[in-house]
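Engineer: Order-wise, the sequence lines are chains A and B. Residue numbers are given in numbering that gives the first Met the number 0: position 55 of the first sequence equals residue 54, and the series is strictly consecutive. Residue numbers are given in numbering that gives the first Met the number 0: position 21 of the second sequence equals residue 20, and the series is strictly consecutive.
These are calculated hints, taken from the structure and not from any lab test. Each hint should be verified, as a subset may be incorrect.
Unchecked claim - What follows is a list of derived Cβ distance ranges for each label pair:
(1) A:N123 <-> B:A12: 37 to 43 Å
(2) B:F4 <-> A:K128: 24 to 30 Å
(3) B:N159 <-> A:K173: 19 to 25 Å
(4) A:G110 <-> B:T79: 58 to 64 Å
(5) A:N123 <-> B:R236: 54 to 60 Å
(6) B:G39 <-> A:G110: 51 to 57 Å
(7) A:R124 <-> B:L105: 41 to 47 Å
(8) A:G110 <-> B:S234: 33 to 39 Å
(9) A:K106 <-> B:G39: 26 to 32 Å
(10) A:K128 <-> B:I210: 30 to 36 Å
(11) A:T15 <-> B:V162: 27 to 33 Å
What the hints assert, rightly or not - Pulled from the structure, derived: some chain B residues nowhere near chain A, Cβ distances all over 12 Å:
(12) N49
(13) I104
(14) Y136
(15) L137
(16) I170
(17) N188
(18) Q199
(19) G208
(20) L224
Bear in mind the structure is a predicted one, so any value in this text is a computation, not a measurement. Glycine included, each C-beta is placed from N, C-alpha and C at the ideal position.
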Amino acid sequence: MDIQIEKLTKTYGPQTAVNNISFDVKTGEVLGFLGPNGAGKSTTMKMLTGYIGIEKGDIRIGGKSVRDTDGAFKQHIGYLPENNPLYLDMPVMDYLEFCASLQGVEKAKIGSRIREMIGICGLNREKHKKIGELSKGYRQRVGLAQAMIHDPEILVLDEPTTGLDPNQIIEIRKLIRDLGKEKTVILSTHILPEVEATCDRILIINRGSIVANGTPETLRKQAQGNEVLKLRIEDGDAQTILKALNALDTVREVDLIQQDTNLFEVQSMANTSSKRNIFQLCVEHKWVLTELTPLETKLEDIFRNLTVN
Amino acid sequence: MHTIFTIAKRELATFFDSLIAYIILGLFLGFSGFFTWLYGNDIFLVGQANLRVFFNIASWSLFFFIPAITMKMLAEERKTGTLELLLTKSVSDRQLILGKFLGSILLVCIALLATLPYVLTVANIGNLDNGGTLCGYLGLLLLSLAYTAIGIFASSITTNQIVAFMTALFIGLFFQIIFGVLAQNFTGNMGRIFDALDLQSHFESISRGVIDSKDLVYFLSITVLGLYLGEWFLSKRHIS
Chain A
0 MDIQIEKLTK
10 TYGPQTAVNN
20 ISFDVKTGEV
30 LGFLGPNGAG
40 KSTTMKMLTG
50 YIGIEKGDIR
60 IGGKSVRDTD
70 GAFKQHIGYL
80 PENNPLYLDM
90 PVMDYLEFCA
100 SLQGVEKAKI
110 GSRIREMIGI
120 CGLNREKHKK
130 IGELSKGYRQ
140 RVGLAQAMIH
150 DPEILVLDEP
160 TTGLDPNQII
170 EIRKLIRDLG
180 KEKTVILSTH
190 ILPEVEATCD
200 RILIINRGSI
210 VANGTPETLR
220 KQAQGNEVLK
230 LRIEDGDAQT
240 ILKALNALDT
250 VREVDLIQQD
260 TNLFEVQSMA
270 NTSSKRNIFQ
280 LCVEHKWVLT
290 ELTPLETKLE
300 DIFRNLTVN
Chain B
0 MHTIFTIAKR
10 ELATFFDSLI
20 AYIILGLFLG
30 FSGFFTWLYG
40 NDIFLVGQAN
50 LRVFFNIASW
60 SLFFFIPAIT
70 MKMLAEERKT
80 GTLELLLTKS
90 VSDRQLILGK
100 FLGSILLVCI
110 ALLATLPYVL
120 TVANIGNLDN
130 GGTLCGYLGL
140 LLLSLAYTAI
150 GIFASSITTN
160 QIVAFMTALF
170 IGLFFQIIFG
180 VLAQNFTGNM
190 GRIFDALDLQ
200 SHFESISRGV
210 IDSKDLVYFL
220 SITVLGLYLG
230 EWFLSKRHIS
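Full structure from sequences and hints, please.
Structural biologist: Following this line, the structure appears as structure tokens:
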């Protein structure tokens with residue numbers, strides 16, 4: 000099911016939490032929703048899942064406006080809210096049964112769905128315990144299980160991997176990727192490597208507005224500009240190499256980072272690459288090129304550039 | 000309807016899983032039993048084979064205990080964030096309110112059923128007026144509907160259970176006593192209005208065995224109004 004968000008706005012008193020944002024998410028796509036605290040991520044998710052009303056704009060789920068469907072759209076959505084609220088006094092099995100029943104899963108299928116979820120989320124040993132007795136990671140798994148219990152077409156996950164151990168994080172990321180092949184997944188997170196590991200597309204919002212929207216590669220390209228190379232050249236004098244590098248016509252700037260090991264950082268002119276020239280240069284002077292690493296702009300840098308102001 | 004039952008069933012299960020249900024049932028039975036059988040103007044002092052004394056005492060114990068049942072209904076859901084979990088599933092605000100209401104009413108009904116031994120005892124002592132007893136229970140049920148709705152409303156306006164409890168008692172107090180007192184102190188139209196608002200007089204006329212549509216409308220109006228206001232406050236969400 001596709002989601003279209005059109006000119007969505009939400010204000011709390013004088014504060015605009017979400018300001019006129021529009022984006023689409025298609026079936027088979029995992030969208031990473033990034034932004035600093037208070038940027039409007041959770042508010043957008045709350046509107047999308049039908050917890051709070053839409054003030055201005057519209058959300059279409061599967062082509063139908065959520066304003067018209069009288070809450071029927073909610074059964075297509077699985078939602079893991081922020082902070083993962085749960086009924087701590089309920090046993091895991093009872094809780095999942097309760098959620099399945101509320102989401103309209105047929106009575107005959109509830110049992111098999113619960114077994115499936117307990118298997119996927121690794122809850123088998125804990126299934127008869129009360130949720131309040133579980134550790135944070137296991138509670139998170141219960142939260143994921145309840146979100147997926149009715150096999151929804153859309154999954155909205157607010158920080159799904161908080162509190163999980165590294166093995167579990169890898170499993171859950173893989174699960175999200177697999178789910179994302181057939182379903183529409185929106186996930187918000189603060190963990191940037193997670194976005195790269197799981198998401199097809201990144202949406203960064205700041206102060207209620209979208210500041211970036213695209214695949215990790217396109218965002219990187221936009222942010223990067225010129226090529227930057229880190230290189231180490233041996234068997235030569237640092238100053239000589241520096242001069243020779245500066246003389247290359249594709250090189251814009253050279254920094255000598257470490258004098259004793261001849262480590263340089265080379266920035267090329269716009270839209271050019273200096274890799275071949277550097278190699279030729281080393282061959283000419285019989286220098287040995289022991290390291291040549293293109294420096295990619297990290298997602299952290301993109302995020303900081305767009306959201307620090 | 001299915002959703003409402005699911006929510007009500009969970010409420011009941013949670014009640015009986017924790018100690019709350021047993022404490023409330025114990026206190027209710029202890030309180031009304033003590034004053035019905037042992038102390039003050041009790042059944043033996045009246046010397047008649049009817050449960051009028053019990054119905055009067057029970058109306059007071061329900062007045063206190065219903066807010067204790069309803070106080071956590073929405074206040075706690077809102078405080079722990081589970082409200083968001085519920086309302087983003089296929090549950091509308093109205094279904095949630097009705098589910099919570101049904102769950103509370105069922106617990107009250109269980110409490111009332113637990114007083115059936117009183118009826119059997121009195122029926123053994125003398126010639127019990129069956130119609131009158133039935134009407135007495137009907138009166139208690141109607142009164143419970145009204146107080147439960149008020150309690151649900153009180154729980155919908157706050158995240159603090161104590162505040163919900165006190166608010167429900169405060170509103171209930173007007174119906175239980177204050178309107179009656181005001182009715183005695185005013186004459187003319189004001190007096191008539193307060194008299195019409197007084198819950199005790201409506202309750203007494205039913206528990207005497209007179210089922211008047213006026214009394215039914217009175218109790219059901221409070222119930223519907225309470226639930227409607229509860230739904231309205233719930234729909235405002237109050238993001239915390």
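Engineer: Each of the hints needs a verdict: does it hold here or not?
Structural biologist: We went through each hint and held it up to the structure:
no.	hint	in the structure
1	A:N123 <-> B:A12: 37 to 43 Å	violated, 23 Å
2	B:F4 <-> A:K128: 24 to 30 Å	holds, 26 Å
3	B:N159 <-> A:K173: 19 to 25 Å	violated, 43 Å
4	A:G110 <-> B:T79: 58 to 64 Å	violated, 28 Å
5	A:N123 <-> B:R236: 54 to 60 Å	violated, 37 Å
6	B:G39 <-> A:G110: 51 to 57 Å	holds, 55 Å
7	A:R124 <-> B:L105: 41 to 47 Å	violated, 34 Å
8	A:G110 <-> B:S234: 33 to 39 Å	holds, 35 Å
9	A:K106 <-> B:G39: 26 to 32 Å	violated, 52 Å
10	A:K128 <-> B:I210: 30 to 36 Å	violated, 50 Å
11	A:T15 <-> B:V162: 27 to 33 Å	holds, 31 Å
12	N49	holds, 42 Å
13	I104	holds, 20 Å
14	Y136	holds, 32 Å
15	L137	holds, 32 Å
16	I170	holds, 28 Å
17	N188	holds, 42 Å
18	Q199	holds, 37 Å
19	G208	holds, 42 Å
20	L224	holds, 23 Å
The structure is inconsistent with the numbered hints 1, 3, 4, 5, 7, 9 and 10, although it conforms to all the rest.
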